[in-house]
Amino acid sequence: MKPATKPVFDNTQSIQLLPRWVTSSRSEAIETVAFTSGAALAMLDVVLRNPGGTLPSELLRDRMALDAAVACLKLENRNETASGIRDAVCLARRGDALGPAGDMFMAWRKLVRVNLSAGGWKDRLGKVLPAAVVELMPDIGAPAGTPVAQASQILSYILRLFPREEAAALMLADLTLARAVGWDRPMPSLAAHLLREDIRAIADGAGDPVQSVHRAIIAACDGAIRMAADLDRRVAKLRAVAPRLRAKGSDEALALFLSHDAVSPSGMLSPVIKGTSFAMTDRAARRLCDRLVELCVVRELTGRPTFRLYGV
Amino acid sequence: MAKETPALDTDLEDLPPELRWREWMGRIEAVIFASASPVPRADLARVVGQGASVELLIQDIQVELAGRPYELVAVADGWLMLTQVRFADAIRTAADVGGQLSDLNEFEVAVLASIAYHQPLTRDGLKDIFGKDISRDLMARLRAQELITTGPRSPRAGAPYTYVTTQKFLVVFGMESLRDLPDRDELENAGLAI
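Chains as they are written, first to last, in numbering that gives the first Met the number 0: chain B, 0 to 311; chain R, 0 to 193.
Heads up, a few of these hints could be off.
The calculated BS3-like cross-link candidates involving lysine-lysine, where the alpha carbons are at most 30 angstroms apart (straight line), are [claimed, not checked]:
#1 131(R) x 167(R)
#2 126(R) x 126(B)
#3 73(B) x 126(B)
#4 273(B) x 126(B)
#5 273(B) x 247(B)
#6 131(R) x 121(B)
#7 109(B) x 73(B)
#8 126(R) x 73(B)
#9 236(B) x 126(B)
#10 73(B) x 121(B)
#11 236(B) x 167(R)
#12 273(B) x 236(B)
#13 167(R) x 109(B)
#14 273(B) x 109(B)
#15 167(R) x 126(R)
Residues from chain R that keep clear of chain B, each with C-beta distances beyond 10 angstroms, as calculated [what the hints assert, rightly or not]:
#16 28
#17 44
#18 156
Everything labelled a hint here was simulated from the structure, so no lab data went into it.
Note that CB positions come from ideal geometry on N, CA and C, so glycine has one too.
Based on the provided sequences and hints, a complete structural model is requested.
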């Protein structure tokens, strides 16, 4: 008897992308979209539970937060690019206002850092959302049904009451989804993948929110898993070169790269490495970033000769 | 925040429900009337009973104010009492509006609008829009009135400041958020490209 074919196991890529039958399903029937979104969500769940212990989840959430912010700004008729938002957040000095784009990203960044498994997360959430929405939260009650059904209930509840608070509604929906599947932090999913017309339809009480949310979940899971696989590979390279960096504070600097979409050498690495008390001169910070680019483990994100920003 | 005065009786148990409601309405109107800046809902909730809906109380007050020359308006995270626009000329003719907003001329409004749409925006960015230098004086005036403030530095030689609009900008123009700016497409269709 012929031995069973060995399963193809790609060691170089520990994160498996969604199978084609999930991503290529074109059917609009509710049974089909619900089934495929369930499968996609379960696969993303495995990725996020991080069995290999290598996934840079903070970085993944930060990047997804940036995508969500771009999408929400578009809903508010502001055409901001990811690089514009990066500039606003990274180049603002203490006391500067960030402007609407920077504020939107910071709200998402704060949201994805809310630890749902710790007490007091509701208070932290209250600082992210607009006051009018926060006030309403005690009345919302516990949503029921599958995770996706719960998320769409919250989404349509908030959108119908506050048709122009799309960002807040999407944030609460993502948070509800995370709680329902048992993630410890929200993962921005719906904002970047729900169509503008779907959001308008939900706010107007027309159309079936569950169906459009299912469709968005499929796309979101696909995107998140791809990004996770990509970041996992890049970060593995970064970790591999870490022992070869002899600059003082390089471990602390790498920790910033592993948790932030973009790092500005002049604002975040010097005079002290953000979040630590490690001093680093401007020159040392720039040299470290140049060295990391030379080693092909981080990229320069702006293409500018000055005011450069770096990220994995 | 002001120091807590001896606890205000918010529940008003000794009043019959109808009078209690009237008293709460009165308090909310008085607080908003007396405040120089928009009063957040959470602050209003502190002068009424636990179960009372600030929203409903405000609605009742608004109904009562219908036909008066002033109204309760939701602006930027709070409530404010404003005179109605159609009395602007009368107010300008006779009222002592003192240090409140001095009139902005058309050009200043245009500069403000450009910042609102394109923020964060530098003076160079404004120059590109208007085809001429915008004087530092004008920017300083808008800043002094707290309609704009400094935003993140621009990634260009000299790291010039950008400007962004403030909460007060929203209040002065009667907006709840930047969402209330007219749609850019509509403006262009009306021949008012900014």
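Against the structure, the hints come out as follows:
no.: 1; hint: 131(R) x 167(R); result: 27 angstroms, holds
no.: 2; hint: 126(R) x 126(B); result: 37 angstroms, violated
no.: 3; hint: 73(B) x 126(B); result: 23 angstroms, holds
no.: 4; hint: 273(B) x 126(B); result: 22 angstroms, holds
no.: 5; hint: 273(B) x 247(B); result: 14 angstroms, holds
no.: 6; hint: 131(R) x 121(B); result: 50 angstroms, violated
no.: 7; hint: 109(B) x 73(B); result: 20 angstroms, holds
no.: 8; hint: 126(R) x 73(B); result: 25 angstroms, holds
no.: 9; hint: 236(B) x 126(B); result: 37 angstroms, violated
no.: 10; hint: 73(B) x 121(B); result: 27 angstroms, holds
no.: 11; hint: 236(B) x 167(R); result: 48 angstroms, violated
no.: 12; hint: 273(B) x 236(B); result: 23 angstroms, holds
no.: 13; hint: 167(R) x 109(B); result: 25 angstroms, holds
no.: 14; hint: 273(B) x 109(B); result: 16 angstroms, holds
no.: 15; hint: 167(R) x 126(R); result: 24 angstroms, holds
no.: 16; hint: 28; result: 20 angstroms, holds
no.: 17; hint: 44; result: 8 angstroms, violated
no.: 18; hint: 156; result: 7 angstroms, violated
Of the numbered hints stated above, those contradicted by the structure are hints 2, 6, 9, 11, 17 and 18, listed in ascending order.
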